[in-house]
Amino acid sequence: DAGVTQSPTHLIKTRGQHVTLRCSPISGHKSVSWYQQVLGQGPQFIFQYYEKEERGRGNFPDRFSARQFPNYSSELNVNALLLGDSALYLCASSSGQGSGYTFGSGTRLTVV
Amino acid sequence: AQSVTQPDIHITVSEGASLELRCNYSYGATPYLFWYVQSPGQGLQLLLKYFSGDTLVQGIKGFEAEFKRSQSSFNLRKPSVHWSDAAEYFCAVGDGGATNKLIFGTGTLLAVQP
Numbered sequence: 001d002a003g004v005t006q007s008p009t010h011l012i013k014t015r016g017q018h019v020t021l022r023c024s025p026i027s028g029h030k031s032v033s034w035y036q037q038v039l040g041q042g043p044q045f046i047f048q049y050y051e052k053e054e055r056g057r058g059n060f061p062d063r064f065s066a067r068q069f070p071n072y073s074s075e076l077n078v079n080a081l082l083l084g085d086s087a088l089y090l091c092a093s094s095s096g097q098g099s100g101y102t103f104g105s106g107t108r109l110t111v112v
Numbered sequence: 001a002q003s004v005t006q007p008d009i010h011i012t013v014s015e016g017a018s019l020e021l022r023c024n025y026s027y028g029a030t031p032y033l034f035w036y037v038q039s040p041g042q043g044l045q046l047l048l049k050y051f052s053g054d055t056l057v058q059g060i061k062g063f064e065a066e067f068k069r070s071q072s073s074f075n076l077r078k079p080s081v082h083w084s085d086a087a088e089y090f091c092a093v094g095d096g097g098a099t100n101k102l103i104f105g106t107g108t109l110l111a112v113q114p
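Respectively, the protein sequence lines represent chains W and B.
In terms of my numbering, the first sequence has 96 at position 96, counting the first letter as 1, and numbering is strictly consecutive.
In terms of my numbering, the second sequence has 25 at position 25, counting the first letter as 1, and numbering is strictly consecutive.
Hints may contain errors.
Computed beta-carbon distance windows for the label pairs [to be verified]:
| id | chain 1 | residue 1 | chain 2 | residue 2 | range |
| --- | --- | --- | --- | --- | --- |
| 1 | B | Thr12 | W | His10 | 25 to 33 Å |
| 2 | B | Gly96 | W | Gly16 | 35 to 43 Å |
| 3 | W | Gly28 | B | Gln58 | 23 to 31 Å |
| 4 | B | Arg22 | W | His18 | 37 to 45 Å |
Quick look at which bits of chain B chain W covers, simulated, 3 or more residues with Cβ under 8 Å [said to hold, decoys possible]:
| id | region |
| --- | --- |
| 5 | 29 to 43 |
| 6 | 59 to 72 |
Since the hints were made in silico from the structure, they are not lab data.
From a predicted model like this one, the values you see are computed outputs, not experimental measurements.
All C-beta atoms, glycine included, are put in the ideal place defined by N, C-alpha and C.
Let the sequences and hints guide you as you build the complete structure.
Put into structure tokens, the structure is as follows:
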């Protein structure tokens with residue numbers, strides 16, 4: 001079975017642009033979470049979706065949004081990019097609260 | 001608020017030596033605890049997790065961790081380190097809410113010398 005897949009793996013954007021990151025969870029996993037990992041720090045929670053509904057949101061500005069599709073894949077959107085948005089964006093999927101999380105390899109976003 | 005502290009930013013051990021990475025958490029109830037490993041430029045791989053039951057948890061790659069409620073600790077151990085264990089290690093606690101989102105420590109970077 002494929003693990004959590006994320007695309008693209010790397011991208012470079014200019015300040016003020018918009019970006020869309022994509023995530024496909026493990027087959028059968030209905031929960032998808034997004035994390036931002038700035039260099040030298042641990043990942044920070046951005047969003048969690050379960051059965052296409054937002055279950056939680058971290059302390060991120062409204063420029064960050066996400067959605068989950070009927071096939072449980074997910075998109076993370078970031079508008080009006082800032083230099084500080086440069087980070088590794090990680091997607092994690094889970095089959096339930098007690099099962100732990102499986103992470104993808106991430107998307108490395110660089111804002112110039 | 002829940003938090004995780006990994007007091008060691010960087011640790012160097014010799015190959016074949018034992019390893020212990022420290023993790024302390026702040027949480028009101030019985031926590032869900034995790035250790036993840038991250039190789040350069042990669043995502044996070046789950047080493048082990050503790051939800052309840054036996055406080056000594058076995059994981060992959062020969063790692064184990066012990067939950068000590070009295071010390072609010074969940075230290076990661078390995079009896080003999082291999083060069084391939086060089087990576088960054090993150091301790092995390094599930095916040096126990098509707099999302100059970102993970103709260104991570106700042107990580108410990110492990111270097112292994114020959």
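Evaluated hints:
no.: 1; hint: Thr12(B) / His10(W): 25 to 33 Å; verdict: 30 Å, holds
no.: 2; hint: Gly96(B) / Gly16(W): 35 to 43 Å; verdict: 38 Å, holds
no.: 3; hint: Gly28(W) / Gln58(B): 23 to 31 Å; verdict: 25 Å, holds
no.: 4; hint: Arg22(B) / His18(W): 37 to 45 Å; verdict: 41 Å, holds
no.: 5; hint: 29 to 43; verdict: holds (count 6)
no.: 6; hint: 59 to 72; verdict: violated (count 0)
Taken one by one, the earlier hints fail for this structure only at number 6.
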